[in-house]
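> Sequence:
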Amino acid sequence: MFGYMGFGMQSYVHKRKPKKPFVKHGSVPSFTPLTEDRREFKLKSHKPENSIESGLIKLLFILLIAFISVIFCLRFNHYQKNLNTMVEHSNRIENTNAFSFLMNSGIDRLAIGNTEGAFSEFSLAHQIDRNNEELNQLLIETLSVLCSENRDYCEKLEIHLEELN
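Counting along the sequence shown from 1, when you hit position 23 you're at 23 in my numbering, and nothing is skipped either side.
Hints were generated in silico from the structure; no laboratory data involved.
Heads up, some of the hints might be wrong.
[Said to hold, decoys possible] Quick list of simulated restraints, FRET-style, between CB atoms:
#: 1; residue 1: Asn95; residue 2: Phe61; range: 48 to 54 angstroms
#: 2; residue 1: Glu158; residue 2: Asn84; range: 35 to 41 angstroms
#: 3; residue 1: Asn82; residue 2: Glu134; range: 30 to 36 angstroms
What you are looking at is a predicted structure, and each value in this text was computed from that prediction instead of being measured.
Heads up, the beta-carbon is just placed ideally off N, CA and C, and yes, glycines get one too.
Kindly produce the complete structure, drawing on both the sequences and the hints.
Here it is in structure tokens:
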């Protein structure tokens, strides 16, 4: 019944022997020299206990890395192929839009009577699509009108006619 309303604790406290002040106990040496140990240690060759198992683990790890690398390369090639087809498709659409714009602009300029502007539009459209028959016909007609006004366009007309043949 220690600690119950102080009963029993008092006897424990009074039975202890008090410490004597200013008593010097055993002295602790300030310096102890180290003993010299003359043992020689020889390096032993390290032979793993589970050399077959560790070799298999290393082989599996290398195969796993190679497998993951192959998968990433295949996925990258697939991505690159899709990207190239998308870029080609968008370029084709842009070229079609630009060609139709240049054709319409050239026809409008011909209607106004601006034959030099129509020639510049048709020549730009000709760079996009060289096989369009309507464009080639309009270009020949425009060059023949310009040739009657200016002799420099006659050479361009001859070059264009040679390309068609």
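> Does each hint hold? Answer for all of them.
Results for each hint:
1. Asn95 / Phe61: 48 to 54 angstroms: 51 angstroms, holds
2. Glu158 / Asn84: 35 to 41 angstroms: 40 angstroms, holds
3. Asn82 / Glu134: 30 to 36 angstroms: At roughly 35 angstroms between Cβ atoms, Glu134 and Asn82 fall inside 30 to 36 angstroms, so the hint holds.
The earlier numbered hints are all upheld by this structure, with none contradicted.
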